[in-house]
Each structure stands twice: as structure tokens, then as C-alpha cells.
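We have chain D; now place chains Z, H and C onto it with these hints.
Chains as they are written, first to last, in the working numbering: chain D, 1 to 83; chain Z, 84 to 166; chain H, 167 to 319; chain C, 320 to 472.
Hints were generated in silico from the structure; no laboratory data involved.
Some clues are possibly wrong.
Said to hold, decoys possible - Computed far set for chain Z versus chain H, every beta-carbon distance over 10 Å: (1) Leu87; (2) Ile116; (3) Lys120; (4) Asp132; (5) Ile144; (6) Asp155.
As the list claims (entries may be wrong) - Chain D stretches covered by chain C per the calculated footprint, using a threshold of three residues with CB under 8 Å from any CB of chain C: (7) 1 to 10; (8) 68 to 79.
Where a beta carbon is used, it is the ideal one built from N, C-alpha and C, also for glycine.
What follows is each chain in one-letter form.
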Amino acid sequence: MQILYFGWVRSRIGHGKEELKLPAGIDTVAGLIHWLKSRGDGYAHAFVDSDVIRAAVNQEIAPHNTAIAEGDEVALFPPMTGG
Amino acid sequence: MQILYFGWVRSRIGHGKEELKLPAGIDTVAGLIHWLKSRGDGYAHAFVDSDVIRAAVNQEIAPHNTAIAEGDEVALFPPMTGG
Amino acid sequence: MIRVQGEDFDIGVEIARMTEGNTEIGALASFVGLVRDYAGDEAITSMTLEHYPGMTEKQLERLEAEARKRWDLQDVLIIHRYGKLMPGDRIVLVVTASPHRGASLESCQFLIDWLKTNAPFWKLEDMDSGAKWVESRQEDFVAADRWVRVTDG
Amino acid sequence: MIRVQGEDFDIGVEIARMTEGNTEIGALASFVGLVRDYAGDEAITSMTLEHYPGMTEKQLERLEAEARKRWDLQDVLIIHRYGKLMPGDRIVLVVTASPHRGASLESCQFLIDWLKTNAPFWKLEDMDSGAKWVESRQEDFVAADRWVRVTDG
Chain D
1 MQILYFGWVR SRIGHGKEEL KLPAGIDTVA GLIHWLKSRG DGYAHAFVDS
51 DVIRAAVNQE IAPHNTAIAE GDEVALFPPM TGG
Chain Z
84 MQILYFGWVR SRIGHGKEEL KLPAGIDTVA GLIHWLKSRG DGYAHAFVDS
134 DVIRAAVNQE IAPHNTAIAE GDEVALFPPM TGG
Chain H
167 MIRVQGEDFD IGVEIARMTE GNTEIGALAS FVGLVRDYAG DEAITSMTLE
217 HYPGMTEKQL ERLEAEARKR WDLQDVLIIH RYGKLMPGDR IVLVVTASPH
267 RGASLESCQF LIDWLKTNAP FWKLEDMDSG AKWVESRQED FVAADRWVRV
317 TDG
Chain C
320 MIRVQGEDFD IGVEIARMTE GNTEIGALAS FVGLVRDYAG DEAITSMTLE
370 HYPGMTEKQL ERLEAEARKR WDLQDVLIIH RYGKLMPGDR IVLVVTASPH
420 RGASLESCQF LIDWLKTNAP FWKLEDMDSG AKWVESRQED FVAADRWVRV
470 TDG
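In isolation and in its complexed conformation, chain D is listed as follows (with noise of 0.2 Å):
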């Protein structure tokens, strides 16, 4: 599964793009970000607080309990700032 950091999720992850293997029992966006915690200090920083992280599944805006299987493409990010 290919996931995609961006703004302030990418920098205090340290990296925009990482390809992973789905563990077992996970298949829901919040799921995914509750894994991702747990691998490091970078990763706890970024999801320190998970409400305001947003997240899109296949490039569509996707909310938390949104479903996830192999192959997606899941990106996450704070809220947007663009214009």
C-alpha cells in the first residue's frame, strides 16, 4: 500500500512517501493511523492529535472510518490551505 505524507504530517514524519504492507486487522483509515503511531517518535508527533488529521483514499477526501485494502493509495495530511 502506498501511503502519502503532506504539510506539517510530512515534515515531523520526515518523509512524503512509503510503500507498506497493510498488518493484519487493519482496515479502516483510523485504524491505520493508530498503527502508524507506534512506529516512532517522528509518527507519534504527527499523529499526536488524530481528530484533526484528514485523510484521502484513492485521492478522494475519505473520512476515518473509511474502509482500506491493499493496493490504495491513502494520504494524510492537515487540514488544507490552498487559494
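Below, chains Z, H and C without anything else, positioned relative to chain D:
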């Protein structure tokens, strides 16, 4: 007194500007319009519905009861269509 | 700044002039009015804009001052053309600059709404069937009235 | 049309391109967002816009389609830049063309309000004290929410 006409007021009267000596007893915009009506068919046509006529006295929008005097510049015109 | 002129204007140049050397501007709203090719069912061959020289400038200056009073604006530009124009020609340009997008867009709307009913211009449309003065529209007065404040005067 | 690009744009050229050969357009509203030189009390030396290639284009296309559905528009242009920009640089351009001024101004406001909270861009401001991510503002969500229709979905 200088009188200016614009829009269809001007085209009905046939000219856009004239120098007039204000007759005795005419001391408001409404009085001027009423008097002008009697000056010929073009004037009568221009001021047939005097309610829609807008006026400016010395280049300031002025209601029909505005006082006028010799030396004033009075303009009479249809509603503006700027922009 | 206000300009009443027969010549066309270049929006890019005007906007660049406004923002060059002023890096405090965050938002720039603009409006361009153009001569449309049809009035109802009939094709327009040209449009002639008559105006009241002297009063036009006064009204536009007053309008700019009012916008600056109501909103936090760094710059205002109003250009209004007169004379004979062809379909597709630009008639009017309004540009407002502000630190904030809300102020720039709202004041731009205010200015164009007020120009419609308070700038001493009259439009004559030339068509195959003859020339016809454009009539003021009730909805333009309604749009302008939105901006009249109860506290005015 | 939407464009996501690193390069600057010329508003005059873009608007001329839109109106050339379309004499049905009566009203053109546009909005330009620029990099301001200050964030609060601190001077900004540059701003870097990060975005989500692929998703950005999708979101902007969806936004354009939504505006065309809601208003009578003859043309829509959204240009959004990314990369490193300096104070005074243009960030975003929105242009809407319509037969009517109300539709052009309102849709322009809609587009810029939605871009703020729905276009996957993130802004990093460089200052003497270090780089800082621009935080989303509550008022931007409120502005975008104005356009959410009860009938949506």
C-alpha cells in the same frame, strides 16, 4: 442658466445643451421640467412622464423639489445605465 | 484611482501596476463588463456610451471614497469607457485590493452594483432595426439598494 | 479550465483569451491571491506551496464542474501555483465569465472560498525565526460552509 440633456431626454429634445433665462416663478427642478414641457413637441415627448426623469443640479443628484437659480447647471436625464 | 476614457484598458497591466511594490496586498478582486452581442433576440452592431463629463468623475470619486470607508482596502481602480464600442469590447473595469479576500470581493460587488445606477452613463444600442436606449432594470436598483445603509446620512 | 503549475500567469492574457471570439460574455469576475509580506508581526522571506499531484487536479476539476452546475457560466479558469514563491508573487487566479454580473461575482467567491479548504495545498512560510506551516483558519471553514447546500448528496 445652463441646461444639459442626456440619453433619450437629449435625443427626444434634439440637442444636449442650452443656455436659458429662468422665467419668473420657476425656482425648482419640478417647475423647470413643467415649463420645458411647453416649449415644443420634442420637450413634451421628453418629459411626458416626468416622474422617471432624474436631475442633477451643479453635478449633484437632486430631487425634483430642489431649488434652482440663475447660474446653476441643471441636467435632466433618464435613469443612469452605467457599468 | 478613477479614469473615464474612450480608450481600451489592459487588465494585466493595471493589476500589475497595483501590486508592484506593494507586497501587503493579499487579495485582488476584479470585474470587467463587456458589450454583449445580443439584446434579447436582436443582434447588436455597436453600443455608444454617453456620459456627463465632470459629474461622472465626481460620482466615481465619491464611489471610491465610499468603498474605502466601508472596507479595508489598499487600492481601488475604476476605469469606465465612453464612446462607440463593439460587441466583445470592454466597458468597465473595477479592481479592489485588500489584505483579505472577503473585503476585496465584497467591495468589488458593491462598486459594480453602484456604478449601474449611480454613474451618469447612458447606453445606446445600435441594431438592424435602429438605435435603442438601454433601459434601466428594476433588479439593478434592487442590487444597489442592498448597499444602502440604514445609518447613511 | 484548470491549471496547476509552478510558473506565474498573466491575468490580462488569460482574460483576453477567454473573451476573444466569445461576444456573449457580459461579465467577467476574477480573483488573484498573492503572497503577503507579513504573517502577524513577522516578515515572510518566502512561501513554499506543497500540493498533492493528481488529487489537486481532480479537486479543481470537480470544483469547476460544481460552479458550472450552480451558475450560468460561459467559462471558468482556475490556475493554482505550487513551489517556492516570494512576497508579492501571485498564488492563485480564478476567473468566471457569465452573461450576468451576479453569477460571475458569486461563483468567483464560491470558487475561492472552496479552494481555501478543499484544494490539497499546504503553505510553508519561511521567516527569520524559521519555517512555519500556515494553519487553517476557522473563518475559512465558515466561508466554505456557506456554500454547502442542504440538498447536497
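The hints, checked one at a time:
1. Leu87: violated, 7 Å
2. Ile116: holds, 17 Å
3. Lys120: Holds, since 20 Å exceeds 10 Å.
4. Asp132: holds, 13 Å
5. Ile144: Given a closest Cβ separation of 8 Å, the condition is violated.
6. Asp155: Non-interface label stands for Z/Asp155: nearest chain H Cβ at 13 Å, farther than 10 Å.
7. 1 to 10: The restraint on the segment 1 to 10 of chain D holds, since 5 of its residues have a Cβ under 8 Å from chain C and three suffice.
8. 68 to 79: holds (count 4)
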